[in-house]
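Asker: Each chain, letter by letter, is given below.
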Amino acid sequence: DTAVSQTPKYLVTQMGNDKSIKCEQNLGHDTMYWYKQDSKKFLKIMFSYNNKELIINETVPNRFSPKSPDKAHLNLHINSLELGDSAVYFCASSQETHGEAEAFFGQGTRLTVV
Amino acid sequence: KQEVTQIPAALSVPEGENLVLNCSFTDSAIYNLQWFRQDPGKGLTSLLLIQSSQREQTSGRLNASLDKSSGRSTLYIAASQPGDSATYLCAVEPNDYKLSFGAGTTVTVRA
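Quick mapping for you: the protein sequence lines, in order, are chains A and B.
Here the first sequence stands for residues 3 to 116, numbered as in our numbering.
Here the second sequence stands for residues 27 to 137, numbered as in our numbering.
Since the hints were derived computationally from the structure, they do not count as laboratory data.
Heads up, a few of these hints could be off.
Here are the computed lysine-lysine pairs in the DSBU-like style, where the Cα-Cα straight-line distance is at most 30 Å [unchecked claim]: (1) A:K38 - B:K27; (2) A:K42 - A:K21; (3) A:K11 - B:K94; (4) B:K94 - A:K21.
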């Protein structure tokens with residue numbers, strides 16, 4: 003019944019590894035996002051997809067690559083992980099229409115790079 | 027560039043007291059403003075969504091106001107309970123698909 007689900011919830015990995023975080027939403031929304039929450043608790047958008055098309059790509063290292071196989075899924079793949087990538091990553095979804103776009107968030111994935 | 031500020035950063039009150047959380051944003055050209063609750067180790071839960079044409083929204087003990095022209099929103103929580111202890115985040119949606127978040131106000135309600 004979870005509206006936006008992310009896996010895994012916790013991820014501990016070594017520097018230099020490649021890892022993926024998966025996200026799925028069952029709300030029928032057209033738009034999905036990835037946000038990063040840093041140690042100071044600020045949430046910043048990384049990517050947004052609308053109907054499988056990339057519409058927002060903030061200043062994020064190209065080691066981060068989102069993949070949207072269909073509009074219910076938006077996965078985040080990270081190559082050559084660095085210590086500074088340690089953070090909590092949130093997936094979210096919303097309807098396309100502005101003004102009514104209540105965003106629903108997943109529970110987050112705590113990534114720790116050692 | 028939209029900047030969102032939340033004051034205070036932390037708040038501790040005795041149970042039963044009313045809570046007042048403030049949010050300010052620099053660009054008034056927004057589609058909506060949303061208040062979220064974040065519990066430690068958990069995701070964000072949407073509390074209230076105020077569209078740009080609205081001035082307030084209410085849900086149970088929660089009431090949020092929006093003054094677009096002055097770039098402010100206030101979240102009121104009446105008769106606080108220990109279960110209200112969490113971090114409350116304010117986010118605005120400008121004319122693109124992004125949400126811009128404040129750093130949050132961490133609330134502790136003492137029993």
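Asker: Hint by hint, say whether it matches the structure.
Answerer: Taking the hints in turn, this is what the structure says about them:
A C-alpha spacing of about 18 Å is found between K38 of chain A and K27 of chain B, which places the hinted pair at or below 30 Å, so the restraint holds. Under the criterion of a C-alpha separation no larger than 30 Å, the hint pairing K42 of chain A with K21 of chain A is consistent with the structure, at around 24 Å. The suggested pairing of K11 of chain A with K94 of chain B is violated, with an alpha-carbon distance near 37 Å, which exceeds 30 Å. Straight-line distance between C-alpha atoms of K94 of chain B and K21 of chain A comes to about 41 Å, which puts the hinted pair past the 30 Å bound.
Of the numbered hints listed earlier, those contradicted by the structure are 3 and 4.
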